[in-house]
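Since the structure of chain A is provided, determine the placement of chain B on it from the hints.
So the protein lines, in turn, are chains A and B. Letter 169 of the first sequence, counting from 1, is numbered 169 in full-length UniProt numbering, and no numbers are missing. Letter 42 of the second sequence, counting from 1, is numbered 42 in full-length UniProt numbering, and no numbers are missing.
Keep in mind the hints are simulated off the structure, nothing from the lab. Errors might be hidden in some of the hints.
Copies of the same chain look alike in the list, so a pair counts if it fits in one copy or across any two.
Below, a list of computed lysine-lysine pairs in the DSS-like style, where the Cα atoms sit at most 30 Å apart [what the hints assert, rightly or not]:
| no. | residue 1 | residue 2 |
| --- | --- | --- |
| 1 | K343 | K223 |
| 2 | K260 | K166 |
| 3 | K248 | K25 |
| 4 | K309 | K281 |
| 5 | K352 | K317 |
| 6 | K223 | K400 |
| 7 | K223 | K248 |
| 8 | K248 | K373 |
| 9 | K46 | K260 |
| 10 | K351 | K223 |
| 11 | K166 | K448 |
There are 2 protein chains.
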Amino acid sequence: MDFRRVIEANRESYMDELFEVLNQKSISAQNDGIRECAELMMEKLKGSGIGHVELMETEIHPVVYGEYHVSDDAPTILVYGHYDVQPPGPIEEWESPPFEPMIREGRIYARGAGDNKGQIMAQIMAIRTYLEAEGELPVNVKFLIEGEEEIGSVNLDSFVAQHREKLKADLVYTSDGPMLPNGHPYVLLGVRGMLYVELALREADFDNHSGNKGNIVPNPAWKLMDLLHTMRSADGQVLIEGFHDTVKAPTEREMELIEKLPFDLEEVRRNVGHAGIEMTKAEYYRKLCFEPTFNISGFTSGYGGEGAKTIIPKDAKVKIDMRLVMDQDPDVIFELVRDHVAKHAPDVSVKKLGQMSPSRSSADLPFIEPIRKAAEASFGKKTFIQPSMGGSLPDAVWTKVLGTPSVVVPYANVDEANHSPNENLVVEHFYSGIETTCRVIAEMKHIKL
Amino acid sequence: MDFRRVIEANRESYMDELFEVLNQKSISAQNDGIRECAELMMEKLKGSGIGHVELMETEIHPVVYGEYHVSDDAPTILVYGHYDVQPPGPIEEWESPPFEPMIREGRIYARGAGDNKGQIMAQIMAIRTYLEAEGELPVNVKFLIEGEEEIGSVNLDSFVAQHREKLKADLVYTSDGPMLPNGHPYVLLGVRGMLYVELALREADFDNHSGNKGNIVPNPAWKLMDLLHTMRSADGQVLIEGFHDTVKAPTEREMELIEKLPFDLEEVRRNVGHAGIEMTKAEYYRKLCFEPTFNISGFTSGYGGEGAKTIIPKDAKVKIDMRLVMDQDPDVIFELVRDHVAKHAPDVSVKKLGQMSPSRSSADLPFIEPIRKAAEASFGKKTFIQPSMGGSLPDAVWTKVLGTPSVVVPYANVDEANHSPNENLVVEHFYSGIETTCRVIAEMKHIKL
Chain A
1 MDFRRVIEAN RESYMDELFE VLNQKSISAQ NDGIRECAEL MMEKLKGSGI GHVELMETEI
61 HPVVYGEYHV SDDAPTILVY GHYDVQPPGP IEEWESPPFE PMIREGRIYA RGAGDNKGQI
121 MAQIMAIRTY LEAEGELPVN VKFLIEGEEE IGSVNLDSFV AQHREKLKAD LVYTSDGPML
181 PNGHPYVLLG VRGMLYVELA LREADFDNHS GNKGNIVPNP AWKLMDLLHT MRSADGQVLI
241 EGFHDTVKAP TEREMELIEK LPFDLEEVRR NVGHAGIEMT KAEYYRKLCF EPTFNISGFT
301 SGYGGEGAKT IIPKDAKVKI DMRLVMDQDP DVIFELVRDH VAKHAPDVSV KKLGQMSPSR
361 SSADLPFIEP IRKAAEASFG KKTFIQPSMG GSLPDAVWTK VLGTPSVVVP YANVDEANHS
421 PNENLVVEHF YSGIETTCRV IAEMKHIKL
Chain B
1 MDFRRVIEAN RESYMDELFE VLNQKSISAQ NDGIRECAEL MMEKLKGSGI GHVELMETEI
61 HPVVYGEYHV SDDAPTILVY GHYDVQPPGP IEEWESPPFE PMIREGRIYA RGAGDNKGQI
121 MAQIMAIRTY LEAEGELPVN VKFLIEGEEE IGSVNLDSFV AQHREKLKAD LVYTSDGPML
181 PNGHPYVLLG VRGMLYVELA LREADFDNHS GNKGNIVPNP AWKLMDLLHT MRSADGQVLI
241 EGFHDTVKAP TEREMELIEK LPFDLEEVRR NVGHAGIEMT KAEYYRKLCF EPTFNISGFT
301 SGYGGEGAKT IIPKDAKVKI DMRLVMDQDP DVIFELVRDH VAKHAPDVSV KKLGQMSPSR
361 SSADLPFIEP IRKAAEASFG KKTFIQPSMG GSLPDAVWTK VLGTPSVVVP YANVDEANHS
421 PNENLVVEHF YSGIETTCRV IAEMKHIKL
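The shape of chain A in the complex, shown without the other chains:
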């Protein structure tokens, strides 16, 4: 199966197809070019040999759905991606116009080059490649390409729940986000979830003079801190009753995977901008993949400018961003937080600003190692498996709503600058991505599910 030969023969035409898609604006937040882009994606799917293609409406922007059916008995891969993009941001910071793709020094510059058009187009071009090389796919392939990812995938859960039968698959395969530094691919088996809450306390109608009213009117900053100290101990343990109850320890296999992951303490220090970080590889990945956080993203009360202002602030506010691990349920955790606050500081308000479920697919699934090998062979770089990313993505929609294992294999370079000016994708990553997808499809036919 000489996928690479087919890819080399089609380098220019594949790039032309990608450029055509990058040329088409599709800013979901501004509803700019969305439908035109959805129709273009349908064309690309059809043109690549996907027999059944349809536009499926949601309450906001349509989903592009495609299906290549081989046999009811064959394994099924569901490829997920999105055709919408972020707004371009400060236009004067772009070196070339965001919707006029341009190659400079081996990189494609355009809004969406990495996130996600370059990656989803690599998947589509992989079908074309596979068919040209082999004449037929060995497994069923479904495509779900949504238009609302950059506005929070607001309808994805309900869409998937509604079309569970149609979307049925053995594996959900996503290429999004950046690879490891130095162009090393990795296979991500999950994500941490998230619960974001704001606790606020308004104590007085206005700021009071700290001298003339000092000791008379209570200080909301102290009250909020006192509350926070009932929620977390000085050594960092979360004290909210039940918070840890459902936290799962890593499996032996997961710890083995971590042992194989790269780790360079100096790199970590640079990466976080803190020269004093001390931790071992095992600690690093355990803290990142298997332990929840209870982070303060912001605490504000009173005067924060230069010099002295002598007030008792009228209010105080803290934003807490919790990253959740398996099997913490954000709805349950929110109830625990609310109950805790109600018990310890009933006048503090609790507002939920966002949530996402944690998600993880088993490291023991038979296709994990073949997928790792496919990426390693295609990119020509040592490839790793990480049980979870530290951040959060809507992955539970696959593992929980659809009930299907899911892996994320990013094709974009680590410095893709997604969501920023001068977003880019290394040209060779586009082609290596195509090859990776071809190899994954080829491997899937061997898998006993």
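Showing chain B alone in chain A's frame:
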């Protein structure tokens, strides 16, 4: 001694003299009109019968000094005030120009009307009144009118220390600040001191992503809160070793004075904008006059805007404003704070942003009650004695540097709007202030020192 008759006979000419002073700009922060105003004040002192008048230089703006000497054996009152004013602020909010005094509805509107030209001119006009009524003063009177009060009285301590002999007195008498609500005068025997520090911690070079770096890089907000919780218990006790060691309990006489002070819980609640305040009169004044504060004027770390931002903030900062009571020394307390931080969180920086010593004159001094009666008779309103104000003024310069008891008897209405647009002084307060000073002078001759 019919001071009131003399005042009534001179209403217009006294007001003309005040208007002349209000007409003269004297913004110390901008060095605008300062020397002209100082010279005008000298004229006013001379014109009121003060025999010896001189301009005494400091490193910034000169002090106007005046002395009326009766006898080496007579008691001496040192009248303190200031001729400089705040900048006018947003000029469009003034209903009449700040340096063109105007009377509307029984109030004089001008920058400095209350703070402090109207009050210091009442003292000067009192000398003129007394001399017209009696031909001679019964006690020695000295005037120290500084030009740096609105920039923090930066040279007052050293000036007083340098001229201790010349300034020697039995009582320092100041009229500054507002009276109690509803036009009730009061005699203030002291002030709380202040120590203002900023604790800051910079943990990383930049804000980190709370997902991808969560649990890896420490959060400075937590660290600072953990430190703060070693400094103050959840029930509000300051835990810094030695902080309370020099705090003096109120005397029996001071508690008696408090018993006589007005207290209206509803008024307190309105005044602080907090309907839930619960306290007795004794608690209120004890907390305000005799207990230090450990107040957070500002805590800032990370994101404080609308919605969710998912970061681990790079730094955190807290501004702590401590009001100190007798005999807490701000220099000593600063050392205690610095040592405490060095012990518990050595990477947190400690910066001093301001300090002032607490000061209190004995409630047992023989002239306190006569002064109270003088104000009560002149203003025709029940008059109180408060052992200390909750706020801070440079009063220790008298009680500690000069070693002389000091009282503050404000003549300005509670809504004088000092430091704000439309600063004003109730016309009748000017005249009642003149009468109060005359009566205080008259009483002082009876005092056995």
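Structure-based check of all given hints:
| no. | hint | verdict |
| --- | --- | --- |
| 1 | K343 with K223 | both (14 Å within a copy, 25 Å between copies) |
| 2 | K260 with K166 | neither (37 Å within a copy, 83 Å between copies) |
| 3 | K248 with K25 | neither (43 Å within a copy, 73 Å between copies) |
| 4 | K309 with K281 | between (45 Å within a copy, 28 Å between copies) |
| 5 | K352 with K317 | both (13 Å within a copy, 26 Å between copies) |
| 6 | K223 with K400 | neither (39 Å within a copy, 37 Å between copies) |
| 7 | K223 with K248 | between (33 Å within a copy, 28 Å between copies) |
| 8 | K248 with K373 | within (28 Å within a copy, 77 Å between copies) |
| 9 | K46 with K260 | neither (41 Å within a copy, 92 Å between copies) |
| 10 | K351 with K223 | both (17 Å within a copy, 24 Å between copies) |
| 11 | K166 with K448 | within (22 Å within a copy, 103 Å between copies) |
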